[in-house]
Amino acid sequence: MKSKLLILPALSIMLVGCEQHVTNPPPPKSPTQQNSSILDAAPSETNTNRNLQDRRASDDADNTSRNVRDRIEGALTPFDQSESVGDRITLQSIRKALVENKILSTYAKNIKVITANGVVTLRGPVNSAAEKEAIERIVSLIPGVTKVDNQLEVLQNAEK
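Using numbering that gives the first Met the number 0, you'd call the opening residue of the sequence shown number 0 and step up by one each time.
Just to be clear, a hint being listed does not mean it is correct.
As the list claims (entries may be wrong) - FRET-style restraints, in silico, Cβ to Cβ:
#, residue 1, residue 2, range
1, Gln155, Val84, 35 to 41 Å
2, Ala129, Gln91, 22 to 28 Å
3, Leu154, Ala96, 20 to 26 Å
As the list claims (entries may be wrong) - Dumping the calculated DSSO-like pairs for lysine-lysine here, alpha-carbon to alpha-carbon at most 30 Å:
#, residue 1, residue 2
4, Lys111, Lys95
5, Lys146, Lys95
6, Lys95, Lys108
Worth flagging that the hints you see were computed from the coordinates, not collected in a lab.
Note that CB positions come from ideal geometry on N, CA and C, so glycine has one too.
Please build the complete structure, drawing on both the sequences and the hints.
Written as structure tokens, this is what we have:
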């Protein structure tokens, strides 16, 4: 009789343990997930065109040839930025003035600015000669700037 009473709790423990090992099936995919997997599996003309457009856009964005100029002996790069407190404050003031200027293009706001001992070197593309001159004027008015080396390049219409 005692053995029968022990079997009942043992069976219930085994059943509970088996229930915990049953895996639930994955939840069903939503219609958008099903459609995206269908589109991914079968390339359509639209996807092919999109891929070509993406490739062309990345080719247009590739400015590797422009970056070759940074490898020229003696060309200043952002790595040449002075770590002195005065030069860092000057750089911060220049960046702030450029970014806050509502007239400047995105290109102009993202030029390379290198300061070393009060000398500021400006490099990168801008949209026009007027923008190039405006940036130099803005930078020359910043306290701590002793000289501006304006190496900005005006983009041609095809490059914009």
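Open item on the list: For a C-alpha distance cap of 30 Å, please report whether Lys95 and Lys108 respect it.
Closed with: holds, 9 Å
TODO: State, for the Cβ atoms of Gln155 and Val84, whether the hinted interval 35 to 41 Å holds or is violated.
DONE: holds, 40 Å
TODO: Given the range 20 to 26 Å, decide if the beta-carbon distance of Leu154 to Ala96 lies inside it.
DONE: holds, 22 Å
TODO: Decide if the proposed pair is consistent with the structure: Lys111 and Lys95, CA atoms, cutoff 30 Å inclusive.
DONE: holds, 13 Å
Open item on the list: For Lys146 and Lys95, compute the direct alpha-carbon distance and say whether it is at most 30 Å.
Closed with: It holds: about 19 Å lies between the C-alpha atoms, which stays within 30 Å.
- [ ] Using the Cβ atoms, figure out if Ala129 sits within 22 to 28 Å of Gln91.
- [x] holds, 26 Å
Figure legend: structure checked against the earlier numbered hints; every hint is met.
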